[in-house]
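**Student:** Position chain B relative to chain A; hints supplied.
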Amino acid sequence: MKIVTRIAREEWRIMSRNRVAMSGLLLLTLLTLMAILSAFEHQRHTSTERTHYQTLANQAFENQPDRHPHRVAHYGHFLFRPLNALAAFDPGIDAYTGNTMFLEAHRQNSANFGDVRQSSLLLRFGQLTPAFVLQVLAPLLLIFVGHAAITRERESGTLRVLLSQGIHGHQLVIGKVIALSGFAGLALLPAILALGWLGASTAAAWPLALGLLIGYTLWMLIWLLAVVLASTQFVRGRDALLVLLATWTVLVILVPRWAPDISNTLIPLPTRFENAIHIERDYQALGDSHNPNDPKFKAFQAQILKEYGVRQIKDLPVNFKGLVGMEGERQSSELFQRYAHAIFEQQAKQSRIVDAFGWLSPTLALRRLSMTLSGTDLANFRRFLEQGENYRYDLIQRLNRLQTEEIHYGDDTNPHRENRLSHTHWQAFPEFSYVPAPLAQTLQQAALASGVLLLWALILGCFTHMAAVRLERNIR
Amino acid sequence: MSWLIHEIRLIMRSRLSLASLLLLFTLSSLAVWSGLHEVQQQHQTIAHLAQLHTQDVAAVAKKYGQSPNAGNPAYYTFHNTWDTPSHTAFIALGLRDVVPYVLRIRALGLQAQLYEGETFNPELALAGRFDFAFVLIYLAPLFIIALLHDLVSGEKQSGRLRLLLAMPGSPGQLWRRRALLRLGLLLWGLLIPLWVGMVIAQTPRATVGLLSLIVLSYAAFWTGLALLVAVRGQHSVTHATALMGTWVILTLVLPTLANMVLTRAIPVHQGVDLMLSQRQNTHGAWEISRTETLKKFVKSHPEWQDTAPLPPGFHWKWYFAFHQLGDESVAPQAQVYRENLQARQQWTQRLGWLLPSIGAQAILHRAADTDLQAQLAYQDQIATFHQTLRHFYYSYLFNERPFGTDDFAKQPVFSPRPPTATGLGINGLILLVQAWLFFALGLWRLEKIALKT
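As given, the protein sequences belong to chains A and B, one line each in that order. Using the numbering used here, read the first sequence as starting at 1 and increasing by one per residue. Using the numbering used here, read the second sequence as starting at 1001 and increasing by one per residue.
Bound conformation, chain A alone (with noise of 0.2 Å):
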């Protein structure tokens, strides 16, 4: 252990005095500063910013005059996606969705106002994110600064002499491991500090930072193996630097922008066109849900005519134009969650194939994991347009049933009257709030991707023990 520790610490020497690594680690420290700070600050400025729509949107709503049930389902109501705490940390596929959703009856809108439709083309080079700093340009400065970690002992020749003093292989590799893991914990350290804060903030969000921090050591975990690996297994250390090269620019520029190419390819989505021109024609088929006389809703008739027991329409004892105005949303509602799970699951899908190629390139399966806790996927987006459906259907239903409770069935087919209601009813509605995926299914989300970052971490540190073991043997 006194040698590991001895290597680990003349190790920690040269890179001291290595003006690369000094700088490399000073500019990665203020870039993820620099992440970090902006991060924070556009977080907080875009949940105001948020906020205060959803409060405009709110009150807009709640403020409308005297109206007829039905017109105010077709004015309509916004919501605004809430962010989530540690997106600040990953902001993930954020910029590239909606975060406006429109809903009124009989219709299901797209959530739009994304950045991505209202940046130039900068956005697509990627944003300065602590994210970012780690997984792209973290792994790069291990490279630059401990591709030599072996290759130098080789190279000047003390690599023989310290084998031959009866220093074990490993021993060297661990030491060499050790000082490189120091120097990736010195890299790591403002994204840890960051994440504590973030975790701090809300009491929710601390697992879910410890479940970060963990995937991102781990990360850097691979990388440093992967590195004094390379070392071991060249001659010279420029060799050892351009397939390093080489091996970062594949699996951390190349295959994340390859996979969702081929993932593209192999299930293709509909357009929004197409999809719109199915459902409109189911949605016809269904029949029009403000004519109580519609002859797709006979049946409907006969059965609420049968229920309360009485003969004609105006006998009830409810409006049955609300009636039928619930049976249509509750058709329709059926039909737009149908056309809506079918693209989600095809998105799933898509993923899927993406998140497979994890075990070909790390990149991906630690990009899972850290969107997934982040809270920044395509599972959180799709909860938040689930419970908007959700909080939609309820909406129109609520009104639906003050038309069929409030006002009077004769009252409401005749064309000279407004049936204004008081605005006092829907004042009343509850106000959307979006609730976040509890903490198990999280964790379960990202426990594969885990999985393969861990598989990763210890194939790599099977091979360098290997790799260790071997260089002991070819020297004596």
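Check before you lean on any hint, since a few could be wrong.
Said to hold, decoys possible - Cross-link-like lysine to aspartate or glutamate pairs, in silico, DMTMM-like; alpha carbons within 20 Å at most:
id, chain 1, residue 1, chain 2, residue 2
1, B, Lys1062, A, Asp282
2, A, Lys296, A, Glu274
3, B, Lys1063, A, Glu280
4, B, Lys1063, B, Asp1407
5, B, Lys1063, A, Asp282
It is worth saying that the hints were derived from the structure and are not from the lab. Computed from a prediction, not measured in an experiment: that's the story for all the values here.
**Tutor:** Using the frame of chain A, we list chain B on its own:
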């Protein structure tokens, strides 16, 4: 010519160089193929949707073929619009995967329809597309670095430098030849797939020339940079580290930083504002007197001033009029929103003056007609069509003409926008000057170092 054969033999013998040249060729071929495939897919989608749309309109025409007025036909008929990919779109797909390139609209308020999103998987869009622009902007510099960083130091470390310098001939000539040969071979790996792709896509000749020039210039920039570092007589590792560091800063760090600053400096929340007020104003019409609304409408549409007054109760012309007034009420906001989007685009292009990665990216996407500007041009085309559409229905509604099956055949048809791709422009010129300046500087330094060493 014997030197050429000799140098080529040297490259062939270096497994690393040969492998990287072949790899670059493969990658750019794949990128071109993938881009062509995507564009073809988009063409097919547009054609397929046109067919679906015709069926859809036929169904509406059947249902409302004998309408006493144009209300129901105008309300229930959707009209399809589409944005045909340009002949160059395959090199840089830009925004086409995240914004709709097909949109159906009605004669109702346009502002509530124009910003509709497209169905796409954001997790897949996150990393960006694997297209030719990506290969050129991100990957090509890495290959240039790999081939040139040890131009001098490699010879020095293998002990041949002294011998090479002692050879007769102009100093620097050897290095220049070597560097240019490596660059030349690398350029073929980029240009051949690009040219083949352009022939398949029938790209106009001027664009082929422009894009080839951009590829050459961007490669020249990185070559110049690589040579400037390569001539410093240090270890190959030091050179590789310095160049790789520069690459990271120029293509990853500074653009993300710039994006951060730009989003802060030019906020675009007006989109949401205009959507909120558009709804407020449109629905407000149900609360005010209908004749009042119509009076306001004919102010901006005086041609309908002397038509029949509104009857009591519902009339479709009032319905379409208040939708139009809703649009008009947010016109100033829509204008500001648009201007801010354009400002973002403009500043991005200006950043290209400093960062060739951004500059080249912007020019490629401009040439491909797939950037924000192209998106706005498509929106303009939709707006023009929407206006034609409205006026078509107004003439039925305000003249109280019935709308029959024949009239469905007379409905206006969308015509896609003409391409907006522009030539090189000032931004392109600055990129060229910058790139070739670095190139010349790099070549010039080769001479100097050869003398000094």
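**Student:** Against each hint, give a clear statement of whether it holds in the structure.
**Tutor:** So, going through the hints one by one against the coordinates:
{"no.": "1", "hint": "B:Lys1062 x A:Asp282", "in the structure": "holds (16 Å)"}
{"no.": "2", "hint": "A:Lys296 x A:Glu274", "in the structure": "violated (25 Å)"}
{"no.": "3", "hint": "B:Lys1063 x A:Glu280", "in the structure": "holds (14 Å)"}
{"no.": "4", "hint": "B:Lys1063 x B:Asp1407", "in the structure": "holds (13 Å)"}
{"no.": "5", "hint": "B:Lys1063 x A:Asp282", "in the structure": "holds (15 Å)"}
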